[in-house]
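**Student:** Sequence:
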Amino acid sequence: MFPRVQVRHVAFKSTARPPLSQQPPRSLSLSSSPSAMSARINIARPASGGYSPDPHGFGNPRPSAGYRAANPDDPVEKLRAFARQVEDYVEIYSQPLKPHLPAIGRFLIVGTFLEDSWRIVTQWGDQLWYLQRHRHFPWGLSHIFLILNVITMLVGSGAVITKKYSEFGVGGLLGVVIVQAFGYGLIFDLNFFLRNLSVIGGLLMVFTDSMYQRKKIFAGLPTLSENDRKKYFLLAGRILLIFLFVGFILRGQWSISRLFVSVIGLAACVMVAVGFKAKWSAGFLVIILSVFNVFINNWWSIHSAHPQRDFLKYDFFQTLSIVGGLILLVNMGPGGLSVDEKKKTY
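According to UniProt numbering, the stretch in the sequence shown is residues 1 to 346, in order.
Honestly, I wouldn't trust all of these hints.
Capping the alpha-carbon separation at 20 Å, the derived lysine to any residue pairs in SDA-like fashion look like this [what the hints assert, rightly or not]:
no.: 1; residue 1: K279; residue 2: L114
no.: 2; residue 1: K277; residue 2: I288
no.: 3; residue 1: K231; residue 2: M211
Note that these hints are calculated values from the structure, not bench results. Since we're looking at a predicted model, the values are computed, not measured.
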């Protein structure tokens, strides 16, 4: 009834991807025919033969040549560990005192000047007699000499303690040290000379401490920056502070205990001068000098009429001044011209 239609089957090329099961397996090797993406990934990667993820051998039980693993049994390593432990303890237990260290150091530094001014006032007649009889000061000039010394010491000490015009106070006190050395004829006394050098070192520490507060003290030195001036003054102060201990070594009778303290103290002085572990060394010297001062310069145990009492009292307060300078060194650090700072740089 219907006409027969002949249907021809035409084969079309399908663009659809066959199932994964019918796809031929792909080669996963990138080395035979690298693609553009793999070339971009490997563009900055060094050759596999020369690349080591740990060139210094820190993760390797056998470090590479040129690096030596720290031996915990090495005496040097034990000493370093002990020094670090001591520094940690000092840092921890000194925290409550740290905000007050500058004030304590400044007060101790000017202690010898306050005591000296009080001694001149209370022994006015004896001072005039000595200057006129032994130093051949004319009448009137001796009075002016003593009055100017007392006023300068009181005003300069007050300026240092209150941190107001500290640089002028330090300058006045330095002038007193120099004038008294010539006025009393003690410039050639070795012990007096070394002690005065240490007192000058303490005053330089005060001067450096005041430079942190005032930016423009030396307007006439434009070639030096503020940091450079601090470095040089701290270096000079560190070196001058150790002369008191040198004087302690040179005088007195020798004994085993004195030799032991002198050797250890001299080593600490050298460390302070070069700025190696300067805070630790200065703190050690503070303890040594404080103990030495109490037991050796114990002027309070001498009768008031004894002539040795005034000398011990003078030495006691001068030692306190040097201890104050060392306390300021502990607070500020050794400065840029020191081994400690160079170790931080390199």
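**Student:** Now, for every hint given, state plainly whether the structure supports it.
**Tutor:** Here's how the hints hold up against the structure:
1. K279 / L114: Not OK: K279 and L114 at ~28 Å, beyond 20 Å, violated.
2. K277 / I288: Between K277 and I288 the Cα gap is close to 17 Å, so the pair holds against 20 Å.
3. K231 / M211: holds, 11 Å
Violation of the numbered hints given earlier is confined to hint 1; every other hint is satisfied by the structure.
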